[in-house]
Amino acid sequence: MGVAVEVSGLTKSFGSQNIWSDVTLTLPPGEISVLLGPSGTGKSVFLKSLVGLLKPERGSIVINDTDIVRTSEHRLYEVRKLFGVLFQDGALFGSMNLFDNIAFPLREHTRKSESEIRSIVLEKMDMVGLQGAEGKLPGEISGGMRKRAGLARALVLDPEIILFDEPDSGLDPVRVAYLNQLIVDLNAQIDATFLIVTHDIGTARTVPDNLGLLFRRNLVMFGPREQLLTSQEPVVRQFLNGRREGPIGMSEEKDVAQVEAEMAALEARGGDRHNGVGPKGASGGDAVPPQLEPTPGLPERKAARRRQERVARMLHEFDPQTAEAIRASLPEDLLAQVDAGAYTPTRGSGGRHWAPELDAMPAGSTATAVLPRSGGEV
Amino acid sequence: MTATERPKAPGLLDGKFSPTRPLAASGNLFAFALDVLRALPRRPFQIREFIQQTWFVASVTILPTALVAIPFGAVIALQLGSLTRQLGAQSFTGSASVLAVLREASPIVTALLIAGAGGSAICADLGARKIRDEIDAMEVLGISPIQRLVVPRVLASMLVAVLLNGLVSVVGVAGGYFFNVILQGGTPGAYLASFSALAQVADFWSGEIKALIFGLIAAVVASYKGLRAGGGPKGVGDAVNQAVVITFLLLFAVNFVITAIYFQLVPPKGQ
Numbered sequence: 030m031g032v033a034v035e036v037s038g039l040t041k042s043f044g045s046q047n048i049w050s051d052v053t054l055t056l057p058p059g060e061i062s063v064l065l066g067p068s069g070t071g072k073s074v075f076l077k078s079l080v081g082l083l084k085p086e087r088g089s090i091v092i093n094d095t096d097i098v099r100t101s102e103h104r105l106y107e108v109r110k111l112f113g114v115l116f117q118d119g120a121l122f123g124s125m126n127l128f129d130n131i132a133f134p135l136r137e138h139t140r141k142s143e144s145e146i147r148s149i150v151l152e153k154m155d156m157v158g159l160q161g162a163e164g165k166l167p168g169e170i171s172g173g174m175r176k177r178a179g180l181a182r183a184l185v186l187d188p189e190i191i192l193f194d195e196p197d198s199g200l201d202p203v204r205v206a207y208l209n210q211l212i213v214d215l216n217a218q219i220d221a222t223f224l225i226v227t228h229d230i231g232t233a234r235t236v237p238d239n240l241g242l243l244f245r246r247n248l249v250m251f252g253p254r255e256q257l258l259t260s261q262e263p264v265v266r267q268f269l270n271g272r273r274e275g276p277i278g279m280s281e282e283k284d285v286a287q288v289e290a291e292m293a294a295l296e297a298r299g300g301d302r303h304n305g306v307g308p309k310g311a312s313g314g315d316a317v318p319p320q321l322e323p324t325p326g327l328p329e330r331k332a333a334r335r336r337q338e339r340v341a342r343m344l345h346e347f348d349p350q351t352a353e354a355i356r357a358s359l360p361e362d363l364l365a366q367v368d369a370g371a372y373t374p375t376r377g378s379g380g381r382h383w384a385p386e387l388d389a390m391p392a393g394s395t396a397t398a399v400l401p402r403s404g405g406e407v
Numbered sequence: 282m283t284a285t286e287r288p289k290a291p292g293l294l295d296g297k298f299s300p301t302r303p304l305a306a307s308g309n310l311f312a313f314a315l316d317v318l319r320a321l322p323r324r325p326f327q328i329r330e331f332i333q334q335t336w337f338v339a340s341v342t343i344l345p346t347a348l349v350a351i352p353f354g355a356v357i358a359l360q361l362g363s364l365t366r367q368l369g370a371q372s373f374t375g376s377a378s379v380l381a382v383l384r385e386a387s388p389i390v391t392a393l394l395i396a397g398a399g400g401s402a403i404c405a406d407l408g409a410r411k412i413r414d415e416i417d418a419m420e421v422l423g424i425s426p427i428q429r430l431v432v433p434r435v436l437a438s439m440l441v442a443v444l445l446n447g448l449v450s451v452v453g454v455a456g457g458y459f460f461n462v463i464l465q466g467g468t469p470g471a472y473l474a475s476f477s478a479l480a481q482v483a484d485f486w487s488g489e490i491k492a493l494i495f496g497l498i499a500a501v502v503a504s505y506k507g508l509r510a511g512g513g514p515k516g517v518g519d520a521v522n523q524a525v526v527i528t529f530l531l532l533f534a535v536n537f538v539i540t541a542i543y544f545q546l547v548p549p550k551g552q
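In the order they appear, the protein sequences are chains A and B.
Just remember that this note's numbering sits 29 ahead of the position in the first sequence, which is counted from 1.
Just remember that this note's numbering sits 281 ahead of the position in the second sequence, which is counted from 1.
Simulated from the structure, these hints should not be mistaken for lab results.
Some clues are possibly wrong.
Have a look at the derived ranges for each label pair, beta carbon to beta carbon [claimed, not checked]:
hint	chain 1	residue 1	chain 2	residue 2	range
1	B	Glu-330	A	Ser-148	21 to 27 Å
2	A	Gln-218	B	Thr-301	49 to 55 Å
3	A	Gly-44	B	Ile-343	42 to 48 Å
4	B	Ala-312	A	Gly-44	15 to 21 Å
Since this is a predicted model, take the numbers as computed values, not measurements.
Beta carbons are placed, not taken as given, at the ideal position from N, Cα and C, and that holds for glycine.
All chains, please: the whole structure from these sequences, using the hints.
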């Protein structure tokens, strides 16, 4: 089972320019989370902070009891072995062929024999559908193949946490669909914690267990997918529907009067439901489409049941629409427990994204994300 | 977000002309050099990378070094030839020429070529890897780029510098002989006989030590600049440019210091 990543109060600036502040979220172990956000809101910076490539000024990132913001360089290299990262263009070593690229972490970190390495590398290449391309150089293959090779290299040390930086960028929709299926299948097979940073709404609607949105130097919302997909928060709705009407402007911000006028015009046309199809898989309304299932024949995702129990415990915290959508996804036995009041309401209200085991919760702490409802604030 | 945490608008100068900036830059470079030193003894030693890099640095520097060494030796021979004739000390031409080549010309030629050809190639290579995220990927895979990439390059550059210094000494002295004897009508016997009149073995060793240090500085500066390249392909170009300029400045300053120390430590011959 993957490990949890607990981020709290994280703040990052470059010089006098603040990128985001006070980001608090927890990636639940073994689940797939997607982080959305307009271009330039620091999603990639967030990924790089998670693996310790950038040092945030404040806050903490706790993985396996190690705060990687403050730990020593030596310990950081140890913690990083838990991570697999898929960089935007694969970040393959240009001077090595695919086989050597994927074998690289094994040769550096393990004392495995060359034949063992060969069998592991070929297995991972098979997993991502790259059989027969071992001898190719990164410069000789397509962007999609580079991404998959980068993924194979990220998988080779059996990571507990896998980060994807825009896996869909530069790929056609069919390849994105295949890659998404691959991500879900991988999660079923290795049960690691996944975080995907993307702009692709289709991916965000169908792949993850949890969704988050960064905007205006803040984490607007992070929670179970149903919470964001049914959310009435203007920023979230605008982003998930891929429309111009709303608080997100071309160059970041708009004034309130203009936003109100746009929203009124949108409502007059019939709202999101009649707004047609937006770019990047954005579609009208706030429907909750079914989640991608692993390919038949693979084991079930172990995270699926864990997640159902987790959201069942926090069901009372959501507004009725979200609760309805979550109830529709829960199996009968959990619903019966919820209705029987087996889960006592926990403290904190609104936006709880991560409910630990009831008895495991330390007194006085609250794992609640503070959600700035920043609709009217400029 | 409270009002006090609001991001400040970028100021007019925004730290660009801060008086402490050069200090911070020097400090970073020095800290980087210390990191490299600390990573030097760490296992496993990257023997493959070291051999590849040695071959690479040697292959980009040998030919230009030899080609630069010949006219350099010739210029020294020409200058000394006329100077010694004016002073009436023709018998010391060979000796002075050897001294000039061994002590100064050959470490400096080596330094220029190691910085200009080897250092720029190292910086461009690492910079290109940096902007393609390869360096980040390597760190995320739990491998220190300093240990895996920089240490072998620094050692390779030091080794090649020492060997090149030997090559330049030989080519420089041979070039000086050729120009003095063949072109200026000097006496071959006198030229060869006076070889050891002023020069001593310590001169050769001082040249080699200089070359060793120059190789170290060139590779450390090139790696430092390469690993901090940013802002796309233009950033790599800027990094290479800065690396070469900084290396030259450092080399000439260090050369002065080493020469001054050498004269304190090793008494000139015949005193």
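Here is what the structure says about each hint:
For the hinted restraint 21 to 27 Å between Glu-330 of chain B and Ser-148 of chain A, the CB-CB distance of approximately 26 Å keeps it satisfied. Separated by about 53 Å at the C-beta atoms, Gln-218 of chain A and Thr-301 of chain B satisfy the suggested range of 49 to 55 Å. At about 44 Å, the beta-carbon gap between Gly-44 of chain A and Ile-343 of chain B stays in the expected band of 42 to 48 Å. Range check, Ala-312 of chain B to Gly-44 of chain A: Cβ separation about 20 Å, and the 15 to 21 Å hint holds.
Every hint from the earlier list agrees with this structure, and none is contradicted.
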